[in-house]
Amino acid sequence: MTIEERRKERLDRGIKVRTDGIYAIMSLRELSYLTMPRLVLIVGLLILPLVMPSMYWQRVISIVCIYSLLALSFDFLAHFLGLVSLGGAFFIGTGGYIAAILNTSFGLPPLFTIPISSFLGAAICTLLLLPCLPLRGVYFAIVTLMYPLVLARIIEALNILGGTDGIYGVASFANRWIEQYFVILMVLLFLFGMRRLVNMDIGLVFRAVKDNDQAVRASGMSITFYKAIAVFIASGVGCLGGACLVHIYMWSGISQFALDFSIIPIAATVIGGAGTLVGPVLGCFILVPINELLRAFGTFRILIYSLILVAFIVFRSEGIMVYGQRKYHQFERWVKI
Amino acid sequence: MNNQPILQVQETTKAFGGVIAVNRVSLDVNEGEILGIIGPNGSGKTTLINCITGFIKMTSGKVLFRGKDISGKPAHKIADMGITRTFQIMRPYYSLPCYKNLVIPLFSPRAKRTGGWRGGGKLGDRDTVSIDILEEIGFERDSFVPYKIASTLPTGYLKRLELARCLAVKPEIIICDEIFSGLSMSEIASMVPLIERLQMDGITLIMIEHRLRELFRVSNRILVLNFGEKVIEGTPEEIMADEKVKEVYFGSEEVEEVMSHA
Chain A
0 MTIEERRKER
10 LDRGIKVRTD
20 GIYAIMSLRE
30 LSYLTMPRLV
40 LIVGLLILPL
50 VMPSMYWQRV
60 ISIVCIYSLL
70 ALSFDFLAHF
80 LGLVSLGGAF
90 FIGTGGYIAA
100 ILNTSFGLPP
110 LFTIPISSFL
120 GAAICTLLLL
130 PCLPLRGVYF
140 AIVTLMYPLV
150 LARIIEALNI
160 LGGTDGIYGV
170 ASFANRWIEQ
180 YFVILMVLLF
190 LFGMRRLVNM
200 DIGLVFRAVK
210 DNDQAVRASG
220 MSITFYKAIA
230 VFIASGVGCL
240 GGACLVHIYM
250 WSGISQFALD
260 FSIIPIAATV
270 IGGAGTLVGP
280 VLGCFILVPI
290 NELLRAFGTF
300 RILIYSLILV
310 AFIVFRSEGI
320 MVYGQRKYHQ
330 FERWVKI
Chain B
753 MNNQPILQVQ
763 ETTKAFGGVI
773 AVNRVSLDVN
783 EGEILGIIGP
793 NGSGKTTLIN
803 CITGFIKMTS
813 GKVLFRGKDI
823 SGKPAHKIAD
833 MGITRTFQIM
843 RPYYSLPCYK
853 NLVIPLFSPR
863 AKRTGGWRGG
873 GKLGDRDTVS
883 IDILEEIGFE
893 RDSFVPYKIA
903 STLPTGYLKR
913 LELARCLAVK
923 PEIIICDEIF
933 SGLSMSEIAS
943 MVPLIERLQM
953 DGITLIMIEH
963 RLRELFRVSN
973 RILVLNFGEK
983 VIEGTPEEIM
993 ADEKVKEVYF
1003 GSEEVEEVMS
1013 HA
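Heads up: the sequence lines are chains A and B, in that order. The end of the first sequence is residue 336 by our numbering, with every number in the run present. The end of the second sequence is residue 1014 by our numbering, with every number in the run present.
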């Protein structure tokens, strides 16, 4: 068959009943078909710290998990709310500084600083972002990009919160196992939690805001209110990552407002597959270790890094997970036209 | 039922810069009636209902709903009071299956308060209720149609889905913006009884329409707009007989056809 005469026919596997979300499972095989991917992910993440060759790579896993939290928050906002957020650095910085202040000035242990800074940081971020929530378009992206730059300059110029030196002497986690398993469990919790959330009724409202905000208003719901809830959730996840990061590094400084935290999650989302939530996590687990491996090349690594990104955008712009899910859930075959 | 009109629009004006889209239009809508609004393209029909429903801010004027001033309130507050609308350009929630489209209005504060359409929001889960609504509005329950992703549906179903989205919040007034446009004759023929049934359910309807024959059949009163100003208001018979309306629609074949049938 030549190219003109054939097309690819795609058939769904016959375990879905009419719609996404209702499955008819008839055998253990079908059950394992659904549970295996999830199991592989969970078990894989949990044994990851055990198989790492050195403490350095164990530390990398923790950092990867923090980027994963940011990527989750980006994917959630971008593909379920329609808000493109460049605020990874903003969330990390806010959460990180709050955790550092709570720990050094008030003496709270990480057990308390992490939840408090997640909620307090989320509240602060949501409040600061509130003015641009009723607007459509690029404003949200611009404002989220602006805040980390502004906050870093303010801390620098006024020499508050440790100034350019940052806040030293933040308590670390009790040991490195607790540190790693805590961040891994947080990634798993928010990955599955967000997947559940976007399929719940309130999650449908979020997705409706993305598709058609006017119709949501016409149904008597304030889109600003629902956007604020979603931004609260997303920035809370980001601030949690920031708080963990501060306790891992035992230091909080203006480098936590670095744009890396905004850009790498977006790159990871491109590679992993937008809108899948698990894709961005996977993307982080590919990108961040590559970044570490290439550290030997110095600044030259940016070039290699960019090439990987460009290759993905050109050859697999849908991302790994979207491609993988399609291959997994559907049969494909060539049919003659 | 008292005799006070359910919706009073008083001297509404909307100016976009120097262009006056709606100029001092007043109208009363009585409870339970169907009011048709007609007029040539660009005569300010959609702008008028955008003003009423709060999607754009009117330059001056007042809108009273059951005697209460609602002008200047945000769109979602007005919808929450029971005035819902369909959109001329239908944009369902494309990425969601059809029945999930209705979960969103059923989740709204108004639907939670009133129980949604026929109280179903309080009785069952929202998925079940939304399929009930879809069946009532002309989706076949046992077919695949209600479960399809909304972006794959044909226009006829999308128009019904727009109407269903309004119904789900148990509205008092539905404003339909060209609900017949883009439909085939047979699809319109099946929509007309639906509109009549909504009226029997006690819902007040305001319909903007270009399909005059069907509109004249269902509506109790007609309002004609031209260049943003009210030309005439009256029963369909009065409108058909009126000289000024013929002038407004001069050259439009359909009007002449409708007129000749009258």
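Hints in this document: simulated from the structure, not taken from any laboratory. Please note that the accuracy of each hint is not assured.
To be verified - Straight-line alpha carbon distances no greater than 27 Å define the calculated DSSO-like cross-link-like pairs of lysine-lysine that follow:
1) Lys814(B) / Lys7(A)
2) Lys209(A) / Lys814(B)
3) Lys814(B) / Lys829(B)
4) Lys809(B) / Lys820(B)
5) Lys326(A) / Lys7(A)
6) Lys825(B) / Lys326(A)
7) Lys864(B) / Lys209(A)
8) Lys829(B) / Lys809(B)
9) Lys209(A) / Lys809(B)
Structure-based check of each hint:
Between Lys814(B) and Lys7(A), the direct Cα distance comes to roughly 59 Å. Violation of the 27 Å bound is thereby established for this hinted pair. The straight-line distance between the Cα atoms of Lys209(A) and Lys814(B) is roughly 32 Å, outside the 27 Å bound, and the hint therefore fails. A distance of roughly 16 Å separates the Cα atoms of Lys814(B) and Lys829(B); the hinted pair therefore holds under the 27 Å criterion. Distance hint between Lys809(B) and Lys820(B) is fulfilled; the C-alpha atoms sit about 17 Å from each other, no more than 27 Å.
For the hint pairing Lys326(A) with Lys7(A), the CA-to-CA distance comes to about 12 Å; that is within 27 Å, so the pair holds. Pair hint Lys825(B) plus Lys326(A) does not hold up; C-alpha atoms about 50 Å apart against a cutoff of 27 Å. Pair hint Lys864(B) plus Lys209(A) holds up; C-alpha atoms about 22 Å apart against a cutoff of 27 Å. Among the hinted pairs, Lys829(B) with Lys809(B) is consistent with the structure: their alpha-carbon atoms are about 14 Å apart, no more than 27 Å.
Between Lys209(A) and Lys809(B), the direct Cα distance comes to roughly 23 Å. Compliance with the 27 Å bound is thereby established for this hinted pair.
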